[in-house]
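Novice: Sequence:
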Amino acid sequence: MTLIQAQGIPPVVNYPPDTYNADNQNWMLTQAPDKTLYVANNKGLLVFNGAQWDLYPSPNGTIVRGVKAVGNKVYTGAYMDFGVWEKDETGVLQYTSIVTRLKVAMIEDEHIWNIERYGQYVLFQSLDRIYIYDDLGGKIEMITPDGPVVRLFLVDDDLFFQVKDKGLYTIDKGQPSLFNSSSIVIQERLINLFRIEGQLIGITANKGFYIIDKEEAISWDVLDNESIKKYTVYSALQRKNKSIVLGTIENGIVQLSKDGEFQYQIKQGSGLNNNTALALLEDKDQNLWIGLDAGIDCVNSQSPFRQYIDVNGILGTIYASATVNGYMYLGTNQGLFYKLENSQSDFIRMPGTEGQVWNLRLIDGTLFCGHNNGTYIIENDTQRLIADIEGTWDIKKIPGKEGLLLQGNYGGLYVLEQTSTEWSVRNKIENFVNSSKHFEFTEDNSILVSHEYKGVFEIKTDQQYQQALEVFKHTSVAIIGEHSSLSRLDDAIFYANKEGVFTYNSKGRNFIREEKLSKIFNDDAFVTGKLIEDQDRIWAFTKENLISITRDKLDGEYIVEKISMPFNLRNTVEGYESFVNIRKNEYLLGTSNGYIVVNTSKNENTTQEYKINLKSVAVHKLGEKPRLMPYKEDVIFPSYDNNLSFSFGVPEYDKFHTTEYSYLLDGLYESWSPWTSNSSLDFENLPHNTYTFRVKARVGGVETSNEIQYTFTIERPWYLSNMSIIIYSILTILLFIALNWFYKRYYKKQQELALDRTKKDMELKALESEKQIVVLNNANLKLDIDARNRELAVSTMNMINKSKTLNTIKSALLKAKKVEDINTIISLVDKTIENEEDWNFFEEAFNHADKDFFRKVKEIHSSLTANDLKLCVYLRLNMSSKEIAPLLNISSRSVEIKRYRLRKKLNLSRDVNLNDYFIDL
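If you read the sequence shown in this note's numbering, its first letter stands for residue -2, the second for the next number, and so on.
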């Protein structure tokens, strides 16, 4: 039973318990019209929308073992309870217990194990009863058999149930009727019933298949029925194509054809999480869901891919493959493995080929193996080494040279020649020593060689390919082209690296970028430039897809087709991808743990439509727990509820289809976001506005037929409400008026202050001017006083000199002999000495200099005579008695006497200096 296993099994998507965050055991599965999956789990009801898992705990805390989706309702059965779940306006499932609502009296310790839908009725099966609930009428009936109910079956439009030790019953018009009571039906547990070509077929737990009618139950005579008896079957399912799937206790699942022939088996180690299959479901896309004793698995039965997983790691990484003469060959890093293509045996390593295999090339019916050890020829299950030159990358025919081959090795290019008995190395092409992993022949039979780290070389050889006459290094492509390659489609030679795809131009002897094909690496992230030639097409590999490149037969335009196959699931070695046509429309892709068979015809015929669904909308204040919101149009949120979360998904369960999402929030962004795998989004601190949240999805590069739109408005905060704005406007006007008044008052006050300042400044300036005038007057006065003082001094000196002179003359005349002669002169001198005019001039000058002195002296000493005042003046001028004597025309002694008399008049003591007294007065 490993034949199909060796050919590959469908991809399996694993959902272990830590992925869906519930208990290990899953007892029943169902799918709603929108493709949402529901699972009866030990912890409650599991819901999966293709992106997120949600668990709804069992209402009474017991194990949920039965589940059935009917339209928008989901019915579940648990211990001592069964009921219905329906979504509320926020999308959350709410439970209603039918047992409680209809006051159903269940039997002690009763547990619902199975649920089936029949028209408007929903049937709940326990080990004791079958409850028939009318979904429209809301009423319930029950069937209580005469023994434990083993299982309830729905076969087309017929209802059956097995009663232990009694037989198989049908339900007709709500009443049980015995259908078959043969020994096998009584003794063996029936797992499920199917109709195949009009016959009722039953699968038992341990005895295989039986054809059951009203009279008897006989073994179903199919090829693999005896083999099936080795398994303990716990669950079974007839698929839409009438094939049968068996879920076993210890051996995973077994897929049979509609005729009961074995197709494949999947168990733990080859794809499943666990070997015990408790429940089976075929969904609307013909995926097979398996509820396991530990986890949930999904088998993509309609996938164009089939996987062979090298569980024991014997093969290693596959670098090359071929199917020749009924043999299947795998070239790996462990050697060359083979098996008969249609045999049930495992792959066997061919002795002598241990080590790295780089290439398998079929040329004119001969299979060449490029190996690290050199070059082998493979015939059926044997090999022979024809060239022991280390490291053969590839081998190709030399155009126009019958019996000659060119092989690329680690150290350059070698020519193989066919003799009458064998192929052998003829020569090495001299003058070229670079590693030649990828090479092609040009129109003029030059050789192009691609080196990942040195670039592309063009080699011109002699006609016999003995030596390189010219080695030209191309500069039109990057020197370093990691994972680059050369390939041919029709007459065109292609070179590919991370910068794009280039075609060789023989006339210009250069490479020209091919824009349309280069977009392959623009649209999908570059992984490898490896191009694989396949008759009328070339295969390329990108991050998300396998790319098929062909040419239109009419206009020669390139046709690019994609097969969704993400790089992380391909599990290939970058730059060493092997993709070989092994049968019509079937290709083998080597991986690091086996291989994947790709059926391109299935991909071409697949036109599936995908739909994105909104799961939930949540809103919350900053720092608070989100609250789910209803699915309504034009929802209005208060300003503080400006943090929104959206959750969505596409119910697509294909392993090799990547689901990506792009969103746009109208009112905040102007363009769609880049594609991302995130199925939920958070928007925080959104400003007040009206928004429309839009999200679309693409599955395997195909966009969904719809997009989600959710319109909502975040209100303005209270301080920006209409009333607030009116109040703000009024306050603004009042504020403006108040400010205007204050400004006027302020400016008026400032004006007054300015006037005051100006007035004060003018007064200060006036005072300053007056001060300056006073200063000037004082200066003038001082100048005047100084002038008067000078006049007084001059007058005084004149008087003194005059008196001295006259006295001198008088003394001289007195000494003359004739007194009579000079009497007249002496009289004139005396008259001059006693001249009052000089005194008057002196007095006037003194008054100008010290105008208050005479007034003060007269006020204090009114008894002083004119001569006394003269003496007082001279004393104020601080003149000595000797200096005063000439002015008074007396002797110094007489001056002293006058001083004495004056002191007496003034009543001054002898201690007081007369000069100081008058100076201080």
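Hints in this document: simulated from the structure, not taken from any laboratory.
Model, not experiment: these values are computed from the prediction.
Beta carbons are placed, not taken as given, at the ideal position from N, Cα and C, and that holds for glycine.
One should not assume that every hint holds.
[To be verified] FRET-style restraints, in silico, Cβ to Cβ: (1) Gln341 x Gly68: 28 to 34 Å; (2) Thr87 x Ser254: 44 to 50 Å; (3) Tyr666 x Glu194: 58 to 64 Å; (4) Ser254 x Asp162: 32 to 38 Å; (5) Tyr666 x Ser254: 41 to 47 Å; (6) Asp20 x Thr87: 40 to 46 Å; (7) Asp378 x Glu414: 24 to 30 Å; (8) Thr93 x Leu124: 54 to 60 Å; (9) Pro54 x Ser670: 33 to 39 Å; (10) Asn369 x Ile311: 55 to 61 Å; (11) Gln184 x Ile311: 40 to 46 Å; (12) Gln341 x Gln299: 21 to 27 Å.
[Unchecked claim] List of simulated lysine to any residue pairs, SDA-like, C-alpha gap at most 20 Å: (13) Lys393 x Ile490; (14) Lys855 x Leu918; (15) Lys559 x Asp531; (16) Lys513 x Arg580; (17) Lys599 x Asn640; (18) Lys163 x Lys204.
Novice: Give a verdict on every hint.
Specialist: Now for the hints, and whether the structure bears them out:
no., hint, in the structure
1, Gln341 x Gly68: 28 to 34 Å, "violated (46 Å)"
2, Thr87 x Ser254: 44 to 50 Å, "holds (46 Å)"
3, Tyr666 x Glu194: 58 to 64 Å, "holds (59 Å)"
4, Ser254 x Asp162: 32 to 38 Å, "holds (34 Å)"
5, Tyr666 x Ser254: 41 to 47 Å, "violated (53 Å)"
6, Asp20 x Thr87: 40 to 46 Å, "violated (26 Å)"
7, Asp378 x Glu414: 24 to 30 Å, "holds (27 Å)"
8, Thr93 x Leu124: 54 to 60 Å, "violated (24 Å)"
9, Pro54 x Ser670: 33 to 39 Å, "holds (35 Å)"
10, Asn369 x Ile311: 55 to 61 Å, "violated (19 Å)"
11, Gln184 x Ile311: 40 to 46 Å, "holds (44 Å)"
12, Gln341 x Gln299: 21 to 27 Å, "holds (25 Å)"
13, Lys393 x Ile490, "holds (15 Å)"
14, Lys855 x Leu918, "holds (12 Å)"
15, Lys559 x Asp531, "holds (16 Å)"
16, Lys513 x Arg580, "violated (30 Å)"
17, Lys599 x Asn640, "violated (45 Å)"
18, Lys163 x Lys204, "holds (18 Å)"
Violated hints, in rising order: 1, 5, 6, 8, 10, 16, 17; the structure is consistent with all others.
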